[in-house]
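Residue numbers (our numbering), protein chains in the order written: chain S, 54 to 188; chain C, 22 to 838.
Quick caveat, the hints were computed from the structure, so don't treat them as lab data.
The reader is advised that the hints may include incorrect statements.
Under the rule of at most 25 Å between Cα atoms (straight-line distance), these lysine-lysine pairs were calculated in the DSS-like manner [stated by the list, open to error]:
#, chain 1, residue 1, chain 2, residue 2
1, C, LYS432, S, LYS56
2, C, LYS467, S, LYS56
3, S, LYS113, S, LYS103
4, S, LYS105, C, LYS765
5, C, LYS796, C, LYS714
6, S, LYS86, C, LYS784
7, S, LYS86, S, LYS56
8, S, LYS55, C, LYS714
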Amino acid sequence: MKKSSIFGIITIAVAIAIIICTYGSASTYGTFKDADNNSGELHIIGHIDKQKEMVYDATKDANYFSFYMRDTIGNERKVIYTGTKPEDFDRTDKIVLVGQMNKGAFHASHILMKCPSKYTQDKLDVKADTKKASI
Amino acid sequence: MTIDYQGEHLLPGHLGQFFIVLAFGSALFSTISYYFATTNTNKLDTSWLYMGRIGYFLNSISVIGIGACLFYIIYSNLFEYHYAWEHSSRTLPVYYIISSFWEGQEGSFWLWGFWQAVLGNILIWRAKSWEKPVLTVIALSQTLLASMLLGVEIFGSRIGSSPFILLRQAMDAPIFSRPEYLSYVKDGNGLNPLLQNYWMVIHPPTLFLGFASMIVPFAYAVAGLWQKRYKEWVQPAISYALFAVMVLGTGVIMGSLWAYESLNFGGYWAWDPVENAALIPWLTLIGAVHVMIVYKNTGHAYFTATFLTLISFVLVLYASFLTRSGILGETSVHAFTDLGMFWHLVVDVVIFAIIAATLLIIRFKELPISKKEEDTYSREFWMFVGSVFLALSCLQLVVVTSIPVWNAMFKTSIAPPSNPVTLYNVFQAGFAVVVTLLTGITQFLKYKKTDITRFFISTVLYLVFAAIITGVIVYLTGVYKLKFVFILVMLGAIYSILVNGKVLADAFKGKIKLAGSAVAHIGFGLIMVGALISAGTSNVVSQNTSGLDYGADFDKANNSRENLMLYKNVPIKMGDYTVTYVGDSISAPNHYFKVDYKLLDGNGNIKEEFILKPNSQYNNKMGLVSSPDTKHYLFHDLYTHISMAPLNVMQAGMDLGHDQETNDDANYNAPIAHDMKVGDTIQYRDGYIIMEKLNKDAHVQNIPITGNDVAVGADLKVVSHGITYQAEPVYMVKNGSVFDFARKIDDAGLKLRLTKIIPEQNKFEIMVYDQPEGKRPYIVMRAINFPFINFLWSGTVIMIIGFLLSIFRRNKELKTV
Chain S
54 MKKSSIFGII TIAVAIAIII CTYGSASTYG TFKDADNNSG ELHIIGHIDK
104 QKEMVYDATK DANYFSFYMR DTIGNERKVI YTGTKPEDFD RTDKIVLVGQ
154 MNKGAFHASH ILMKCPSKYT QDKLDVKADT KKASI
Chain C
22 MTIDYQGEHL LPGHLGQFFI VLAFGSALFS TISYYFATTN TNKLDTSWLY
72 MGRIGYFLNS ISVIGIGACL FYIIYSNLFE YHYAWEHSSR TLPVYYIISS
122 FWEGQEGSFW LWGFWQAVLG NILIWRAKSW EKPVLTVIAL SQTLLASMLL
172 GVEIFGSRIG SSPFILLRQA MDAPIFSRPE YLSYVKDGNG LNPLLQNYWM
222 VIHPPTLFLG FASMIVPFAY AVAGLWQKRY KEWVQPAISY ALFAVMVLGT
272 GVIMGSLWAY ESLNFGGYWA WDPVENAALI PWLTLIGAVH VMIVYKNTGH
322 AYFTATFLTL ISFVLVLYAS FLTRSGILGE TSVHAFTDLG MFWHLVVDVV
372 IFAIIAATLL IIRFKELPIS KKEEDTYSRE FWMFVGSVFL ALSCLQLVVV
422 TSIPVWNAMF KTSIAPPSNP VTLYNVFQAG FAVVVTLLTG ITQFLKYKKT
472 DITRFFISTV LYLVFAAIIT GVIVYLTGVY KLKFVFILVM LGAIYSILVN
522 GKVLADAFKG KIKLAGSAVA HIGFGLIMVG ALISAGTSNV VSQNTSGLDY
572 GADFDKANNS RENLMLYKNV PIKMGDYTVT YVGDSISAPN HYFKVDYKLL
622 DGNGNIKEEF ILKPNSQYNN KMGLVSSPDT KHYLFHDLYT HISMAPLNVM
672 QAGMDLGHDQ ETNDDANYNA PIAHDMKVGD TIQYRDGYII MEKLNKDAHV
722 QNIPITGNDV AVGADLKVVS HGITYQAEPV YMVKNGSVFD FARKIDDAGL
772 KLRLTKIIPE QNKFEIMVYD QPEGKRPYIV MRAINFPFIN FLWSGTVIMI
822 IGFLLSIFRR NKELKTV
C-alpha cells in the first residue's frame, strides 16, 4: 500500500472523527420540560418574565442572581445564575440559557444575550423625540 | 404626496450613491474587458486590456469617492443619513469617527473594496503577463463587493445595502411626516463604547487588508488553471500568500488585544464564531503557503497547494457570509444582523466556489501531479502532512462554527456544544501538537532525501532536550494540572522553538536566507507557549473561596464565585493583595472606579502599591458598558474589571462636590447620640471618632454672623479602616433660633451633627448617622491573573518579522515574467 494512501486514510479518519465528535458534543435546544426529565446540559430559549422578581443584591451575595424565564412553549421556571447580573440584562428580552435543572430551579452556566445596540429596533429614540416635539 | 424637507444635505448622499453605481458598473466593465483580453487570441490587440484597466481605475476612483462622501457625512454630523445617525454622534472625537466609519456592515464592505482596489492597482503595475487573468478575477470580486453597497430595488427585492440611505428612508416614524423633522434629530446614537478603543481604529483596516489580500493567491491559482500555466502561478503567488497570512494574522491578534483591553469576558480569545471566521481562512492559507513551497522545490503536492489556495478565499467569503448574514443567530453575541443580504452573500460564496471547482475538475487530468511518491525521510512529505493537519484543524472550526448553517440546511435543531471553549481547546491543541512538532522535525529533513541516521540522532536529541525544558516549565507554571494534550502542545512548541533557534543560529553563520521561516516558527512557538500558560493557568484572584482551582478546561467564567464586592474605602484581602475601592473619577462619558492594590510583606509594610481604573460607560443604546484595566508586569498581567456597580454610585459620582442640605436621614441607620468633651473618643462600627477641639469661630458659607449670633463647630477626626477624615459639624444660634449644620463623609458612610451644647458639663452632643451597608457606595469586581501573557504578544511580533523576512526572500527569488 502506498504511503500517501495510508496518509489519506488517516486524514479521512480524523475528518470523520471531527464530525462525530461535533455531533456527540453538540447540545440540544429544549424546553424547561425537557430539562426536568434530563440531567444533561441544555440550551433553552425564552423570554425574561419581568413581572416576577429578579434578585441580585451584591451586598448580600455578589455571585447570586435569580430571575424567572418563560420558554418558547410557555413553561416558566426560576433561573439561578452564579455570578453578577449581566450589565444589559434589563434591556434584554429574549435570552438563551445553557445549564441544567436542579431541585426545581434551572441553574444556568451561561446566559447568552443579544447585544442590544445591534438587535433593538432603532425606532424608539426617534419616537421619544416625536413626543417632545408635539408638546 | 411629497414633503419638502428642511435642512437636509442631499448632495453628499446623491454623489456617494452615484459613486456606488459607478463603482459597480466600472468593475463589471473591467471584469468583462479583462475576460476578453485574456481569451483574445490576437496578441497584438490590446484594446480589451486598456478597457479593463480604465474600468479598474474608474472603479478605484469611485471607491475613494464613496469613502470621501461617507466620511464627509459622518464628520459633518449629517444625521439625516441613517449611517451617521446610527454609528456616530457629535461628541465623538475624530479618531473614533474613523472607527464609526467601519462599525457598520456597509463601512466594512467599503474597507474591503478599498484594499482590493489598492491591491488590484499594484497587480496592474507588477503582474506583467499575469495581469489579464488575475485582474479578471479581482475585478469580478470588486463587482460583487460593489453590489453589496448598491441598495437599489430590482424586481421587488433590494440588492445590497447602501450607506447613503436617509434616516427617513430607513425607518418608519410619524415624525418623518414633518418637513422640519431634522430639527428634532439632535444627535446620533454614537459609537458603541466597546469600540471606542484605539485598536478599533487600526484592527479593522488590518483585518480587511488581510481578507482582501487573500484573493491574490486565489486569482493566481485560477489564472494558472485557466491559462494552463500550471507550474508558473505558484511562485509569484507565494509572496502574496505570505503577505496575506501575515496581515490577516496580525489583524486577528489585534482583535484579541482589543478584546483583552475592552471586553469583560476575562481573556483574549473565546472561540466566538466571529473570531473563528477570521481564523478559518488563515489556517488553510498558511497550509497552502507550505505546500506551495514544497511544490516549488520538489514538484510534489501540486494538487494540495492548488486546492488549499483556492479553498482559502472561498472560506474568506464563507466566513463573511457566516458573520454578516445573521445565520449565526443565537450562537454569537457579536455577529452582524441580517441586512436582508442573506442570499446575496450566499451567491457570492457560490460564484467563487463554482469557479474554483469547475476549473479544478476541467483541468484535473492535465495537472502536473507527480507520479512518484515522496520519500518518507524527506522534508516535502512532512511539510505536506503538516499542511493537511492545518487544513483538518480548519475543518474542525468550520464544522462546529457552522452548526447553525447545518440546522438551516437540514432543518435540524442542534445546539452548539454547551462548553464550546473546552471542545475547541482540546481539538485545536491536538492539531497544534502535530503542527508544532512538524515545524521542528522538518528542519532536520532535507528536500528529496535525508541521511536517516543523522536525522534520528538530531531529532531525538532535541526532543529529549525539549522534554526536559518542558518538564521544568510545566512544573513551575502549573500547566501540569491541565489535560495531557496541553502538555504535549507545550512540548511541541518548545521543540519547535529550540530547533528553529538552531536553524536561526546557523542562518547567522551564513545561510541567512533561511532565517525567515525559522523566525516565524519561533514566533508561532512562543504564541503557543504564551497562550497555553496564560489561558491555561490564569487564575481568578477575586475568587471568594480560597485555594486555587485550575479547572480541567480553560473555561472557568461563571463556574465559581468569582466576583468580589468592595465597599468604598473598606480594604479587603484578595489573594496576595489588599484591595480597596478608593473613589471615582469621571471624565464623561467614562466613569472610572479607582481600585487601590497593595502588596504587603510579612511585616505589614507596603511592598508595592498601584491603582487600577476599570471603567464603565453609560450609553443610551446599550446601558452600562464596562471595560477592564490591567496592570502589566513583565511576566504576568493583573486584569481587573467591574462586574457591577449600583447606579446610585454612578449618580453619586456625577454630583460629587454638591452639598445637599436636603433631609436624607432615611439613607442612614437611626442616629446614636454621644455626649463628648474635647479630647474624647467614641467608637462606631467602622472605626472611631475623636473630638479634637472646639472652633468658636465657625463659619457656614453664605450665612453672616452678626451681634448676638453664635456659631460653634466641633472639629472631629474620623478614622475608618486606617483612613483619616476631618469633619466640622456646626451648631448655630441666629436671631434667637437654633440651627445645626450636618457634615457628611460620604466615603466613610457617615453623617455627623452637633445637636446640643451642654454648658454645665462642658459637653457637646454629637449625633452619629451611620449608613447601612446597602446604601453605601460599592463595586463588584473580578480580577484575573494572566501569567506569561507577554510570550503571546512578543511571539506575534516575532512571527510577523519572520513573515516579512520570508516575503523578502521569496521576492528576491522571483523573476516575474
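Next item on the list: If any of the earlier hints don't hold here, list their numbers in rising order.
Entry: Of the numbered hints given earlier, those the structure breaks are 1, 4, 5, 6, 7 and 8, listed in rising order.
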